[in-house]
Amino acid sequence: MNNVLAAVCGLLFGVGLAMSGMTDTAKVQGFLDLFGAWVPDLAFVMGGAVLVTLAFTRPVLKRARPLFAAQFDLPANKQVDRKLVLGALCFGVGWGLYGYCPGPAVAALAYLQWHTLVFVVLMLCGMWLADKLKDRF
Amino acid sequence: MSYGLPLLGGVIIGLAAILLLLGNGRIAGIGGIVWGAASAPAGSLWRWLFLLGMILGTYLFHQFSGQPAPVRGGDSLLLAGVAGLIVGFGVKLGNGCTSGHGVCGLGRLSLRSLVATVSFMLSGIATVAVVRHILGVA
Numbered sequence: 102m103n104n105v106l107a108a109v110c111g112l113l114f115g116v117g118l119a120m121s122g123m124t125d126t127a128k129v130q131g132f133l134d135l136f137g138a139w140v141p142d143l144a145f146v147m148g149g150a151v152l153v154t155l156a157f158t159r160p161v162l163k164r165a166r167p168l169f170a171a172q173f174d175l176p177a178n179k180q181v182d183r184k185l186v187l188g189a190l191c192f193g194v195g196w197g198l199y200g201y202c203p204g205p206a207v208a209a210l211a212y213l214q215w216h217t218l219v220f221v222v223l224m225l226c227g228m229w230l231a232d233k234l235k236d237r238f
Numbered sequence: 069m070s071y072g073l074p075l076l077g078g079v080i081i082g083l084a085a086i087l088l089l090l091g092n093g094r095i096a097g098i099g100g101i102v103w104g105a106a107s108a109p110a111g112s113l114w115r116w117l118f119l120l121g122m123i124l125g126t127y128l129f130h131q132f133s134g135q136p137a138p139v140r141g142g143d144s145l146l147l148a149g150v151a152g153l154i155v156g157f158g159v160k161l162g163n164g165c166t167s168g169h170g171v172c173g174l175g176r177l178s179l180r181s182l183v184a185t186v187s188f189m190l191s192g193i194a195t196v197a198v199v200r201h202i203l204g205v206a
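So the protein lines, in turn, are chains A and B.
For the first sequence, the numbering used here assigns the number 102 to the initial residue and increments by one for each residue that follows.
For the second sequence, the numbering used here assigns the number 69 to the initial residue and increments by one for each residue that follows.
Just chain B, with the same shape it has in the complex (with noise of 0.2 Å):
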């Protein structure tokens, strides 16, 4: 177990998500920009671009911390592509994601962010139990 990094990151994650509130008025949630993104592209500049800074600074961060990049290995591009259709789905319905519900919601003491956020990591947490020690695989 480590927990420096995680918590310093986790600060990074929730200083960003304050100072874009502070400076431009948004939440920092990720599903409702990429969807913003795709959907609006024509007033959506922004978006781009805290997406295109994501991307940059996930890069960075292993250009300079010399921290291997996580590269899965060996498995299908049918299961990513099944997990992402059922990720973009639920977030869409469900108004956000980790870091909307999760980090934005929470901050705010929103109830709704409450109940996404409790909803999503029981369904989390049974889907991985079910596959790994029912189903048996990965």
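So that you can see chain A by itself, here it is in the shape it has in the complex (with noise of 0.2 Å):
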């Protein structure tokens, strides 16, 4: 049951990411183009899936369980420290380059470009290098 609904999420949340303008590199460049030709479509994406998540996480949390697990997997660090902010920042360059964050560039794959290949290989290629040096930060 929990592959099922794994697999049916994903699917949500793909075409989710389709349907928004996610997967589309230039309405995201467009979207963080501030001082430019400003696209605030994306504004309303983020929008949409935050007002969800606002409204139904306590709740949802407010379970003993979730419905096909033994307990919530949530993340235990609540510092906010240096790794956090210089890796959002960082992850902000990379994003503003070239206008895929991690869902949508492996969405974007089902468009079968080698662009959006290489980009997904080289982010985990990223991954395991900040895995390997994350003690240094």
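Worth flagging that the hints you see were computed from the coordinates, not collected in a lab.
There could be a bad hint or two in this list.
[Unchecked claim] In silico contact screen, one side only, chain B against chain A (beta carbon under 7 Å); selected entries:
no., residue
1, ILE98
2, ALA108
3, GLY149
[Said to hold, decoys possible] As a list, the in silico SDA-like pairs of lysine to any residue whose alpha-carbon atoms are at most 25 Å apart:
no., chain 1, residue 1, chain 2, residue 2
4, A, LYS184, B, ILE193
5, A, LYS184, B, ALA194
6, A, LYS128, B, LEU124
7, A, LYS184, A, LEU168
8, A, LYS235, B, LEU83
9, A, LYS163, B, LEU182
10, A, LYS128, B, LEU174
11, A, LYS163, B, GLN131
12, A, LYS179, B, LEU177
13, A, LYS184, B, LEU182
14, A, LYS184, B, VAL198
15, A, LYS128, B, ALA110
16, A, LYS179, A, LEU155
17, A, LYS184, A, ARG237
18, A, LYS233, B, VAL198
19, A, LYS233, B, ALA108
20, A, LYS235, B, HIS130
21, A, LYS235, B, ALA106
22, A, LYS128, B, HIS130
23, A, LYS233, B, LEU147
We treat Cβ as the ideally placed atom computed from N, Cα and C, and that holds for glycine.
Hints in hand, dock the two standalone chains.
Structure representation (structure tokens):
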């Protein structure tokens, strides 16, 4: 059941990404282009998604356990630390450079373009590198 | 400007995240799911299924909506690779991306996620400003 639900959630997530324009790098870069020809569309994506999670996360977490798992698996770290800020700043640079964040990059593999595959493979390399070097930050 | 489809798409993304939390107790942070799938493939069937579902969902949306797939033209593989490397490094170091921190984290009122989201929005905006308006490329 766990696996079926994961596939269904992934499917929904992919439909949402494609529908909202998040897999369109031109739109994403246009949204980040606050000092140029700003394309506000993607503010509605984030707004719509966060409205839903804001409304439902709390009631869901009030449950003793998830429907098909023993417990909720939530991040334990509550510290706002240097790694968090440096990592997020770094991620934003790559996001702005090309217009893909991880979700849309994976979803866009559906378009069968070499660029997307190269992006995703190198993204994995970047994750591996950060995993190796994270104690130095 | 169009806001109907972005808004509906955003709501669907939010619902997918809530459904994964309600059913499996998992955060729909795609950066974390990708890393888990690649670094610990043995216990990660659900992660692979989620990611394959995402690709299929995107494919099906374009099939049934008739909206053309957004194809990038003419840019270099080098740019894609460099940007991917930076994104991967940052997401792993900061422990989350647009979905993990932005959608799920803000939804559960996590201070870490708020700080991360503001940080990557600002650096994303700054990067596009520098690339487009100072360097004058793309």
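Right, here's what the structure says about each hint:
Because the smallest distance between the Cβ of ILE98(B) and any Cβ of chain A comes to about 4 Å, under 7 Å, the interface hint for this residue holds. Because the closest C-beta pair between ALA108(B) and chain A is about 12 Å apart, greater than 7 Å, the hint is violated. Contact between GLY149(B) and chain A, as hinted, is supported at the beta carbon level, the nearest pair being about 4 Å apart and thus within 7 Å. Restraint check for LYS184(A) and ILE193(B): satisfied, since their Cα atoms lie roughly 20 Å apart, inside the 25 Å limit.
For the hint linking LYS184(A) to ALA194(B), the alpha-carbon distance of about 20 Å falls within 25 Å, and the restraint holds. Restraint check for LYS128(A) and LEU124(B): the C-alpha separation of about 21 Å stays at or below 25 Å, so the hint holds. Our distance criterion of 25 Å between C-alpha atoms is broken by LYS184(A) and LEU168(A), whose separation comes to about 34 Å. Pair hint LYS235(A) plus LEU83(B) does not hold up; C-alpha atoms about 32 Å apart against a cutoff of 25 Å.
About 22 Å separates the Cα atoms of LYS163(A) and LEU182(B), which keeps this hinted pair within 25 Å; it holds. Among the hinted pairs, LYS128(A) with LEU174(B) is consistent with the structure: their alpha-carbon atoms are about 23 Å apart, no more than 25 Å. At most 25 Å may separate the alpha-carbon atoms for a hinted pair to count; LYS163(A) and GLN131(B) exceed this at roughly 39 Å. The straight-line distance between the Cα atoms of LYS179(A) and LEU177(B) is roughly 11 Å, inside the 25 Å bound, and the hint therefore holds.
Restraint check for LYS184(A) and LEU182(B): the C-alpha separation of about 14 Å stays at or below 25 Å, so the hint holds. As the CA atoms of LYS184(A) and VAL198(B) are separated by approximately 24 Å, the hinted pair is consistent with the 25 Å bound. At most 25 Å may separate the alpha-carbon atoms for a hinted pair to count; LYS128(A) and ALA110(B) exceed this at roughly 36 Å. Between LYS179(A) and LEU155(A) the alpha-carbon distance is near 19 Å, which keeps this suggested pair within the 25 Å criterion.
With a C-alpha separation of about 9 Å, the suggested pairing of LYS184(A) with ARG237(A) holds against the 25 Å cut-off. Proximity of LYS233(A) to VAL198(B) is assessed by CA-CA distance (about 30 Å); at most 25 Å being required, the pair is judged violated. Of the supplied pair hints, the one linking LYS233(A) and ALA108(B) holds, its CA atoms being roughly 15 Å apart against a limit of 25 Å. Proximity of LYS235(A) to HIS130(B) is assessed by CA-CA distance (about 39 Å); at most 25 Å being required, the pair is judged violated.
Taken as a hint, the LYS235(A) and ALA106(B) pair is honoured in the structure, with Cα atoms around 18 Å apart against an allowance of 25 Å. Note on LYS128(A) and HIS130(B): the hinted pairing holds, with a Cα-Cα distance of about 17 Å set against a maximum of 25 Å. Restraint check: the Cα-Cα separation between LYS233(A) and LEU147(B) comes to about 24 Å, which is no more than 25 Å; the hinted pair holds.
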